[in-house]
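Number of protein chains: 4
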Amino acid sequence: MTPTPLSDPGEMPAEAQAELDQLFRAGGMGDLLGLRLLDWGSGHSRFLLEPSPEIANIARSVHGGALYALADSAFEVACNSYGRICVALDVTVHHASAAPLDEPVTAEAVEVSRSARIASYRITATGAGGDVRAWCLATAYRTSRWHLGADRWPQAWRDAH
Amino acid sequence: MTPTPLSDPGEMPAEAQAELDQLFRAGGMGDLLGLRLLDWGSGHSRFLLEPSPEIANIARSVHGGALYALADSAFEVACNSYGRICVALDVTVHHASAAPLDEPVTAEAVEVSRSARIASYRITATGAGGDVRAWCLATAYRTSRWHLGADRWPQAWRDAH
Amino acid sequence: MTPTPLSDPGEMPAEAQAELDQLFRAGGMGDLLGLRLLDWGSGHSRFLLEPSPEIANIARSVHGGALYALADSAFEVACNSYGRICVALDVTVHHASAAPLDEPVTAEAVEVSRSARIASYRITATGAGGDVRAWCLATAYRTSRWHLGADRWPQAWRDAH
Amino acid sequence: MTPTPLSDPGEMPAEAQAELDQLFRAGGMGDLLGLRLLDWGSGHSRFLLEPSPEIANIARSVHGGALYALADSAFEVACNSYGRICVALDVTVHHASAAPLDEPVTAEAVEVSRSARIASYRITATGAGGDVRAWCLATAYRTSRWHLGADRWPQAWRDAH
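Residue numbers (the numbering used here), protein chains in the order written: chain A, 1 to 161; chain B, 1 to 161; chain C, 1 to 161; chain D, 1 to 161.
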């Protein structure tokens, strides 16, 4: 189904990648909640949440909204990881278990499918011992615009991603 | 399908209602993001978001995570509105349109179905002119525990809700 | 946000509407399961399911897959109702209560939001007494192709829908 | 979080397993659509769809409702695989790519999380070459009833599953 690119897209341009990295790490809402980008690459990313007392829920565990923000951040970086500007369409989150306040939570986003206009991601947030706290099915709309401007990305790269 | 309660559940006890109201308004994450509870009752609630620059996304509109937190807060109050402790199971959010930073957003949660253990809610976040920004299908698990302690709620009330 | 159409789109062309109606009523899977299109218009539709013993589940009520097919059919007609070819992206279904085999179920789809490329629908399947059996949040991708061919639809209609 | 069982639950009783297998293979809706159970075990299952012309959509590929029924069948067997009667609560399906009519589709369900009352499953439907056609996040409510009757399952098994 995927059309063969006319030319090899090659590697992501190193300078653009470095600027994208800065962009991904500059999130205002992430700072507010204590989220940290661990690593990212084509179609994936990992984020860390180190809970603070401000994000407790009534039951003294991590607020579901904070777990969602963690997963959503991983989703955002994974779908924007090619440089193409992508926006969230639909996100479904399942809350699997309570996350204790004294334990970090890691969210990993992986790409499950990608077409010209739509891509989907699975995001899993796990506690220190590997217990699943929440997981998501998320879909993004892939616009025709590019981070840093289209001219920063070679044509072969834009055709392939 | 709904069993007839043995006795009329009557009104929610006024004192418990007042304490529940305080509980609902004390949310740490809501303060962080600038959310405000407008009103609530049996199975419904309304919240307001007045956007601040901190919750902007890269495109200079309201971050999707903030819209989610708004909808999630309305959901949380609506499902806990009977006094029974309820927890989020699954939430699906559709992002319908970008929310400008200079416009308040209101989220309304209404109950669509409720059984002994599970209830579902529709939450709609709309801008000043009525445009839908995001909307959700959310389900909650209804525990057998009660806010403020079970003995604060008459037996007929607990049977019916 | 919605651009003002250059000219009034007017009514849907009557002949195209009649052919679309035939198309919508010719569904192979609907016949298999006993689904019937009740009515439809711009952005909405209603379908009826009269359960047969073949679609029972293990508990002798209507199989969840049949309720989904009912809702999905209403969704499909509602999103294709303008003549533009639309395809399902994401569907979330909540199963609210068991549907008895001896009772018809009606599903109604209504449009909640619509942009150039994406639209969202709420579909509610209810039993004879109004009890919600299942309800859905569904999103469609709006292609640039048209049922019966683009030339069957006036330019002003295509611009507006 | 998971309580240590008081005694080793051991293996699933062989006779009960054989009867459960018969139950899982007797689905009326599956026969209607041409679905076949390939294999199953604790918390997982695989189903096959060999498309017939009756399940074509308007675009001459496999109807989204048939892909959903395939995934839903895999989900149903996976969540009922311990013998405990489980019912679908919420299912989100993402349609990733069109499924050609002349190609079989396989759906695999795996358990992502499980607590006393709620379990979640990821179901992935792939074409012959491994392309993802659709994938789901699905949650089930775990009742306190058992297939074939509770007395067919040892106490240690019921405690653990």
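Bear in mind the hints are in silico, worked out from the structure with no lab data behind them. Virtual Cβ for every residue (Gly too), placed ideally from N, Cα, C. It is possible that some hints are incorrect.
[Unchecked claim] Heads up, incomplete: computed chain D residues facing chain C, CB under 8 Å, no partners named:
(1) Tyr68
(2) Asp72
(3) His94
(4) Ser97
(5) Pro100
(6) Leu101
[Unchecked claim] Residues of chain D placed beyond 12 Å of chain B at every Cβ, according to the derived structure:
(7) Glu11
(8) Pro13
(9) Arg46
(10) Ala56
(11) Asp90
(12) Thr92
(13) Arg117
(14) Gly130
(15) Ala138
(16) Tyr141
(17) Asp151
(18) Ala160
Hint by hint, here is what the structure shows:
| no. | hint | in the structure |
| --- | --- | --- |
| 1 | Tyr68 | holds, 6 Å |
| 2 | Asp72 | holds, 5 Å |
| 3 | His94 | holds, 5 Å |
| 4 | Ser97 | violated, 11 Å |
| 5 | Pro100 | violated, 15 Å |
| 6 | Leu101 | violated, 12 Å |
| 7 | Glu11 | holds, 31 Å |
| 8 | Pro13 | holds, 28 Å |
| 9 | Arg46 | holds, 24 Å |
| 10 | Ala56 | holds, 28 Å |
| 11 | Asp90 | violated, 4 Å |
| 12 | Thr92 | violated, 6 Å |
| 13 | Arg117 | violated, 7 Å |
| 14 | Gly130 | holds, 27 Å |
| 15 | Ala138 | violated, 9 Å |
| 16 | Tyr141 | violated, 7 Å |
| 17 | Asp151 | holds, 24 Å |
| 18 | Ala160 | holds, 21 Å |
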